[in-house]
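Asker: Sequence:
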Amino acid sequence: MPPKNQKRNGFWYFSRDFQKREESKGVQFPGGLKEIMANPRCSKEWKELTEEKKQDYQSRAKKYNGSGSSVKLTSLGDPISVMEEKLQKIKEFEENMRIEIKEKLSIAHTHNTIPDLSFYLIHTNYFYTKTSDDSVIDYIPAEFAVIEFSLKEGQIRYFHQIIRTKFELGYTREALEISDASHKLTENMKQGEDDFTVMYDKLVKFLRNDDKKSGKLPAIYTTKEMANIVPCLLERLTQAAGVPEDTLTLYSLEYLFGTMMTYVSSKFAGITNPHLIASSELEKGAFSYSPDLECDFHKTIADSSIHCSLSIVRQWVFAVCDFCCGEFKITMKPGIHLPDTKDKNQTTAPLSRSSSMASITSSMHSLSCKSATGVSKSYKPAYNLTPEEDRRRREAKTPLTIIDHGEQMMKKTHRLPNSLSKTMSGMSLNSPSLDEANFPSIGGGGRGRIIPKDKKLLSPIGRGRGGSGI
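Per the working numbering, the very first residue in the sequence shown carries number 1; after that it's consecutive.
Derived from the structure by calculation, the hints contain no laboratory data.
Among the clues, some could well be false.
As the list claims (entries may be wrong) - Derived DSS-like pairs (lysine-lysine); straight-line CA-CA distance at most 30 Å: (1) Lys102 with Lys54; (2) Lys299 with Lys284; (3) Lys54 with Lys166; (4) Lys224 with Lys86.
Claimed, not checked - Label pairs and their in silico Cβ distance ranges: (5) Ile271 with Pro244: 52 to 62 Å; (6) Leu169 with Asn112: 53 to 63 Å; (7) Lys62 with Asn228: 43 to 53 Å; (8) Arg157 with His109: 39 to 49 Å.
Note that the Cβ used here is the ideal one computed from N, Cα and C, for glycine as well.
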């Protein structure tokens with residue numbers, strides 16, 4: 001825990017911004033903030049700042065330090081007032097997001113143009129996490145994908161990018177463990193790009209759709225699972241390009257999908273929190289094992305297609321179209337609005353590696369995780385054998401089979417979960433009448449038996465006073 005009387009000045013906050021800007025360009029600082037504050041270029045840039053800019057940083061430091069020991073601090077040494085201010089900004093942003101989404105869909109609903117609206121979805125995979133000095137978790141991005149879609153056109157365009165990253169000292173094992181369990185991307189991949197300025201220019205061009213007009217970029221939507229991961233990528237992009245952080249706006253996909261449900265189906269008109277149903281539908285994974293959704297790299301790597309960022313954003317599009325297109329009488333096209341299942345013999349066995357990917361496969365094998373002792377899992381200790389026993393063992397030529405029971409093979413479930421539209425197609429809004437014919441009594445629970453009206457009830461037997469009850 002940092003000491004609660006630790007003070008910060010304007011140069012401290014400037015050094016943090018300097019670090020983020022330089023790291024987005026690939027520069028690393030193993031010594032942390034001390035190395036950055038001692039960097040001559042950082043000191044030079046600080047001295048060349050205008051007084052107005054310096055005053056902004058000094059104000060941030062003054063707000064952090066407070067006016068004395070009476071300022072209430074969190075367990076991490078941060079002023080509670082600063083935390084409350086951040087939470088208030090987040091609350092205001094979310095409220096503005098809800099208003100903007102509702103207004104956009106309401107106007108489109110009035111003019112019957114909801115199917116023509118275009119939306120952009122984003123997903124990001126990451127290598128490892130870092131915790132900064134101010135207790136903020138930073139996700140180091142590995143790849144990301146952005147897709148444009150509409151209900152009428154389905155998938156329109158997509159932008160996918162692998163990020164070439166050099167692992168920092170002390171984070172290699174975490175990066176390899178996350179990679180082995182999900183996206184299978186490795187360090188310094190040739191297919192990747194390491195210049196975030198170039199990536200920002202490509203992304204902005206994609207969002208503008210080759211429209212040279214200036215103005216606010218369209219919002220990008222993602223799920224709550226990505227709510228802390230995607231902003232780390234967007235922050236790197238905007239800092240590398242030297243533009244304000246709010247240039248790229250990130251909104252909730254669950255809220256967009258849930259609000260859309262209320263406009264396209266009368267069954268959801270009275271639901272208070274439709275975004276919870278939307279969240280469940282997006283997490284269901286009804287399209288997880290659909291073929292040909294992943295990028296070119298993940299097509300050649302076994303057990304990785306369901307984790308590909310491009311595959312995931314396409315699955316989100318299918319989920320939204322699957323529910324909404326039927327309500328608008330839109331003909332759904334395979335591969336555009338829903339998975340292309342024309343190949344009935346499609347299997348879900350892991351994809352085989354092609355010969356062209358042999359070098360990548362070997363490099364990934366060399367980067368596989370080792371145990372805490374540095375010995376690979378496939379290592380088997382050699383026993384002390386006599387010369388005669390060793391000769392018989394060699395002549396037997398018994399093949400060695402290593403069974404790793406911890407290995408989880410990717411297998412398709414016996415039946416994928418039904419999508420929401422398929423589930424609702426068998427629903428009826430008319431509940432059965434709760435009368436004796438539709439809901440007969442099963443006894444117990446204090447309800448007693450139902451006695452026909454024409455049957456005479458017997459008087460209860462007495463309690464030991466000689467009464468027969470007849």
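Asker: With reference to the structure, classify each hint as holding or not holding.
Answerer: Hints and how they fare:
Distance hint between Lys102 and Lys54 is unfulfilled; the C-alpha atoms sit about 40 Å from each other, more than 30 Å. For the hint pairing Lys299 with Lys284, the CA-to-CA distance comes to about 23 Å; that is within 30 Å, so the pair holds. Distance check on the hinted pair: Lys54 and Lys166 sit about 33 Å apart at the alpha-carbon level, beyond 30 Å; violated. For the hint linking Lys224 to Lys86, the alpha-carbon distance of about 19 Å falls within 30 Å, and the restraint holds.
Hint check: Ile271 to Pro244, Cβ distance near 37 Å, so the stated range 52 to 62 Å is violated. Between Leu169 and Asn112 the CB atoms are about 58 Å apart, so this pair conforms to the stated range of 53 to 63 Å. Here the CB-CB span from Lys62 to Asn228 is close to 28 Å, at odds with the stated 43 to 53 Å. Between Arg157 and His109 the C-beta distance comes to about 25 Å, which lies outside the given range of 39 to 49 Å.
Checked against the numbered hints above, the structure violates hints 1, 3, 5, 7, 8; every other hint is satisfied.
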